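Going down the list, the protein sequences come from chains Z and C. Sequential numbering of the first sequence, starting at 1, is according to the working numbering. Sequential numbering of the second sequence, starting at 421, is according to the working numbering.
By construction, these hints were calculated from the structure, which means they are not laboratory data. Note that the structure is predicted; figures quoted are calculated from it, not measured. Note that the Cβ used here is the ideal one computed from N, Cα and C, for glycine as well. Some hints could be false.
Example chain Z residues on the side facing chain C (calculated, C-beta under 10 Å, incomplete) [claimed, not checked]:
hint, residue
1, Ala159
2, Ser295
3, Ile340
4, Arg359
5, Glu370
6, Ala371
7, Ser380
Cβ-Cβ distance ranges computed for the label pairs, FRET-style [as the list claims (entries may be wrong)]:
hint, chain 1, residue 1, chain 2, residue 2, range
8, Z, Ser419, C, Glu697, 31 to 39 Å
9, Z, Trp115, C, Glu545, 53 to 61 Å
10, C, Lys819, Z, Ser84, 50 to 58 Å
11, Z, Gln8, C, Gln455, 49 to 57 Å
12, C, Arg830, Z, Asn162, 51 to 59 Å
2 protein chains.
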Amino acid sequence: MSTILLKQISFNSQIKDVLIEGNKIAEIADNIAVQADIVIDGKDRQLLPGFINMHTHASMTLVRGVEEDCPLQEWLEQIWKIESNMDEEMIYWGAKLAILEMFQSGTTSFLDMYWMVPQVMQAVEEMGIRANLSYVFLTHSDQAKAERQKRECMELYRASRNWCDRCDFSVAIHADYTVDEKTMIWASNFAKEHGLLLNTHIAETQAETQTDITNRGMSPVKYYDSLGILDENTVAAHCVWLSDEDVEILGKRKVNVVHNINSNLKLSSGYKFKYSELKAAGANICLGTDGAASSNNLDILETMKTSSLLQKAWRGDPKALPIDELMDLSSLNGANALNINAGKIEKGALADLIIVDTRSAAFVPNVDFEADLIFAANSSCIDSVICDGVLVMEHRRVKGEDEILDNVNRLAEKLLRTSK
Amino acid sequence: MSTILLKQISFNSQIKDVLIEGNKIAEIADNIAVQADIVIDGKDRQLLPGFINMHTHASMTLVRGVEEDCPLQEWLEQIWKIESNMDEEMIYWGAKLAILEMFQSGTTSFLDMYWMVPQVMQAVEEMGIRANLSYVFLTHSDQAKAERQKRECMELYRASRNWCDRCDFSVAIHADYTVDEKTMIWASNFAKEHGLLLNTHIAETQAETQTDITNRGMSPVKYYDSLGILDENTVAAHCVWLSDEDVEILGKRKVNVVHNINSNLKLSSGYKFKYSELKAAGANICLGTDGAASSNNLDILETMKTSSLLQKAWRGDPKALPIDELMDLSSLNGANALNINAGKIEKGALADLIIVDTRSAAFVPNVDFEADLIFAANSSCIDSVICDGVLVMEHRRVKGEDEILDNVNRLAEKLLRTSK
Numbered sequence: 001m002s003t004i005l006l007k008q009i010s011f012n013s014q015i016k017d018v019l020i021e022g023n024k025i026a027e028i029a030d031n032i033a034v035q036a037d038i039v040i041d042g043k044d045r046q047l048l049p050g051f052i053n054m055h056t057h058a059s060m061t062l063v064r065g066v067e068e069d070c071p072l073q074e075w076l077e078q079i080w081k082i083e084s085n086m087d088e089e090m091i092y093w094g095a096k097l098a099i100l101e102m103f104q105s106g107t108t109s110f111l112d113m114y115w116m117v118p119q120v121m122q123a124v125e126e127m128g129i130r131a132n133l134s135y136v137f138l139t140h141s142d143q144a145k146a147e148r149q150k151r152e153c154m155e156l157y158r159a160s161r162n163w164c165d166r167c168d169f170s171v172a173i174h175a176d177y178t179v180d181e182k183t184m185i186w187a188s189n190f191a192k193e194h195g196l197l198l199n200t201h202i203a204e205t206q207a208e209t210q211t212d213i214t215n216r217g218m219s220p221v222k223y224y225d226s227l228g229i230l231d232e233n234t235v236a237a238h239c240v241w242l243s244d245e246d247v248e249i250l251g252k253r254k255v256n257v258v259h260n261i262n263s264n265l266k267l268s269s270g271y272k273f274k275y276s277e278l279k280a281a282g283a284n285i286c287l288g289t290d291g292a293a294s295s296n297n298l299d300i301l302e303t304m305k306t307s308s309l310l311q312k313a314w315r316g317d318p319k320a321l322p323i324d325e326l327m328d329l330s331s332l333n334g335a336n337a338l339n340i341n342a343g344k345i346e347k348g349a350l351a352d353l354i355i356v357d358t359r360s361a362a363f364v365p366n367v368d369f370e371a372d373l374i375f376a377a378n379s380s381c382i383d384s385v386i387c388d389g390v391l392v393m394e395h396r397r398v399k400g401e402d403e404i405l406d407n408v409n410r411l412a413e414k415l416l417r418t419s420k
Numbered sequence: 421m422s423t424i425l426l427k428q429i430s431f432n433s434q435i436k437d438v439l440i441e442g443n444k445i446a447e448i449a450d451n452i453a454v455q456a457d458i459v460i461d462g463k464d465r466q467l468l469p470g471f472i473n474m475h476t477h478a479s480m481t482l483v484r485g486v487e488e489d490c491p492l493q494e495w496l497e498q499i500w501k502i503e504s505n506m507d508e509e510m511i512y513w514g515a516k517l518a519i520l521e522m523f524q525s526g527t528t529s530f531l532d533m534y535w536m537v538p539q540v541m542q543a544v545e546e547m548g549i550r551a552n553l554s555y556v557f558l559t560h561s562d563q564a565k566a567e568r569q570k571r572e573c574m575e576l577y578r579a580s581r582n583w584c585d586r587c588d589f590s591v592a593i594h595a596d597y598t599v600d601e602k603t604m605i606w607a608s609n610f611a612k613e614h615g616l617l618l619n620t621h622i623a624e625t626q627a628e629t630q631t632d633i634t635n636r637g638m639s640p641v642k643y644y645d646s647l648g649i650l651d652e653n654t655v656a657a658h659c660v661w662l663s664d665e666d667v668e669i670l671g672k673r674k675v676n677v678v679h680n681i682n683s684n685l686k687l688s689s690g691y692k693f694k695y696s697e698l699k700a701a702g703a704n705i706c707l708g709t710d711g712a713a714s715s716n717n718l719d720i721l722e723t724m725k726t727s728s729l730l731q732k733a734w735r736g737d738p739k740a741l742p743i744d745e746l747m748d749l750s751s752l753n754g755a756n757a758l759n760i761n762a763g764k765i766e767k768g769a770l771a772d773l774i775i776v777d778t779r780s781a782a783f784v785p786n787v788d789f790e791a792d793l794i795f796a797a798n799s800s801c802i803d804s805v806i807c808d809g810v811l812v813m814e815h816r817r818v819k820g821e822d823e824i825l826d827n828v829n830r831l832a833e834k835l836l837r838t839s840k
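Excised from the complex, chain Z in its bound form (with noise of 0.2 Å):
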């Protein structure tokens, strides 16, 4: 069993040795005298739980900057065309490029909703991130394709029993229009029976809320509710357009909520998330990225600062989303949401760690780490990474990083050709 050893490192304003035999949190003392594979000093630095992005799409990185300063449906129309046109080895580098930038944003932990999931999780595996991909269902009222997923669906659940520890299998709803009604129900009924999360966009935009308020008489959050669906196994990204009685039926069902912020706003989505309310409800609130071709980078660090500076503008109070909820919505809240015993700290969790170079201008005058951490440092701080108790990053570099960029250029190059 390898073994890592923190001397003398910073975290939760104290200074220990932290001890990582396997995968996990073995001891946190002063000094632990023991010989370690690995020995990192902890002078100027600071130890963190991996940030968990909740939402994203990640092969995604291929289209990274296709579809600027654009209106929302030329975008989407435009994005389609080109996915249909992804083969598997893009999808492999996609997801391979997404997993380097979110090691080198300091993200240990993902949960993704997109297509070819076999290759998304080989990537997983080489690459020695924990993730969770869910097989996404979008069949719009096409009941042969409905057939056909959920045929795949079962097939990919039955081998993801194969897959390493690190990569959890779940199932995805797109979103309630683009999936019909009986799909919605089988797929939540799946998930249940076989303890999976069912992953799912609610109330991303107005237009697709007001919709269903005009078509089917109620929310989206009430329509999944009306179906049964909603339960502390949803992971509801978004979640913009909100009534009260929403945020009640989230809190009350113990949703999985996760916030968007930065693509949200570029795609002019809305920005009046209503973090107090659902929290204040029983919603646990989540942070995501998006896919790349949304918010540009899979940075949950960024999310974070900006997350915490919309609440205090559209509410008017400088108090809103204080510093101690943001980095639990950046990693314990997900790991919760997960069911991995991460997001922390302690003997016996996972070791899924984060070690930030304090040795910088924005970490000076050293008054507040978390304050610096959030908003006056960006990701470059992040040193190093452990995740499963593997060092996957050290010193910012990242295996394979040259072979990924050269493999995405080239086929997003031809990707884009052939879209044209």
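On the provided structure of chain Z, position chain C as indicated by the hints.
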């Protein structure tokens, strides 16, 4: 005369050689065959004009992180209390830290408004950045103080004629609620008489704006205009709360309006900045970070992203504040406000330039460099900085960094201890 040759470097969608002689761009051509003192290989690099930070209080790096998640009034009182204990050594090292982080985030010029101008000037002179330093009037209704400040201002103006070429002098009216009317007029006239910029805060908060409307019967903008202050040499920071008439006045007077989005968000000052209206009216819009006590860092690249996201969000228009305009906001418009021949890569322009390393995940795939820079990257992509023809940051190293970090840590600790 020292020379720098940039070999085969990308900029403005072309690849050229760029020769810097002394402090100017001397030649741009397909191939320049000279023996330069420094030769920089343009492979995987993009050249940009250096960013210009048009509103900051540099030495406030000393109080970074001191008051977080705090209501505005409490924040102000605490910051003022601490500021009253700052000495010359603190101001000097605080400014040095600010300049260090400005270089590291690609800024080559800044407009500063703070106390103890000679100490800030010394930091500017030693570090090699370009700056315009405002003497700040802050009198309330104290006429003795006003007279003392006028004398100080005149003395400083005289002294400034011996400052180095990189450093200009200007006059600041802190705000119309902190400076008496007679002194506002005196300061404005002094600036006009000597061809200096007049730097001020206008309409930052709703409360301050409403107070003017109630007490003076007119908005802050109308009030400044009624005193004959506003013209193309006025720099008006914030301008968050503007009526249509205010927008028209600022446009007609060709005022330089500085948008400080991160500070406005974090302090809950307001976010509905009327960018497109001000631009259409004729104002020259620039970007600023404000001091590190309110926005926590001095990163113009981050400011560019947040400014664009907020315009897209509050207007519900993903096309708002497009990328090419953002690029001008970050550099050319600031140069025009400061009356310097910078903010562009042209023969004869000042060699205030930044070199971006595009060999990283944020710039892959290689589709839209500017979108990648603003929306995917962070300022750690800035590899090297040339200011006034001198390579002031090379591969992210700035001379004297350790000394600056150590001194600010020491002095901030002393400052906070004495301010308890």
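*Does Glu370/Z meet its interface restraint, that is, does its C-beta lie within less than 10 Å of any C-beta in chain C?*
8 Å, holds
Supplied contact hint for Ala371/Z, tested at 10 Å Cβ to chain C
4 Å, holds
- Query: Going by Cβ atoms only, is Ile340/Z closer than 10 Å to chain C?
  - Reply: 25 Å, violated
#### Entry: Status of the given 50 to 58 Å range, CB of Ser84/Z versus CB of Lys819/C
53 Å, holds
Is 51 to 59 Å right for how far apart the beta carbons of Arg830/C and Asn162/Z are?
-> 58 Å, holds
Per the hint of 31 to 39 Å, is the separation of the Cβ atoms of Ser419/Z and Glu697/C within bounds? For Glu697/C against Ser419/Z, whose Cβ atoms are near 37 Å apart, the range 31 to 39 Å holds.
Quiz prompt | Restraint check, 10 Å cut-off on beta carbons, for Ala159/Z near chain C | solution = 29 Å, violated
TODO: With a cut-off of 10 Å on the beta carbons, see whether Ser380/Z makes it to chain C.
DONE: 3 Å, holds
For the hint on Ser295/Z, does the least C-beta distance to chain C fall short of 10 Å? Where the cut-off is 10 Å and the nearest Cβ of chain C is about 8 Å from Ser295/Z, the hint holds.
task: Indicate whether the distance between the beta carbons of Gln8/Z and Gln455/C respects the range 49 to 57 Å.
output: 51 Å, holds
Is the distance from the Cβ of Trp115/Z to the Cβ of Glu545/C consistent with 53 to 61 Å?
Holds, since Trp115/Z and Glu545/C (Cβ atoms, about 58 Å apart) stay within the stated range.
Original post:
Regarding the hint that Arg359/Z lies at the interface with chain C, is the smallest CB-CB distance below 10 Å?
Top reply: Hint holds; Arg359/Z Cβ to chain C Cβ min 7 Å, cut 10 Å.
In this structure, the hints that do not hold are numbers 1 and 3, in rising order.
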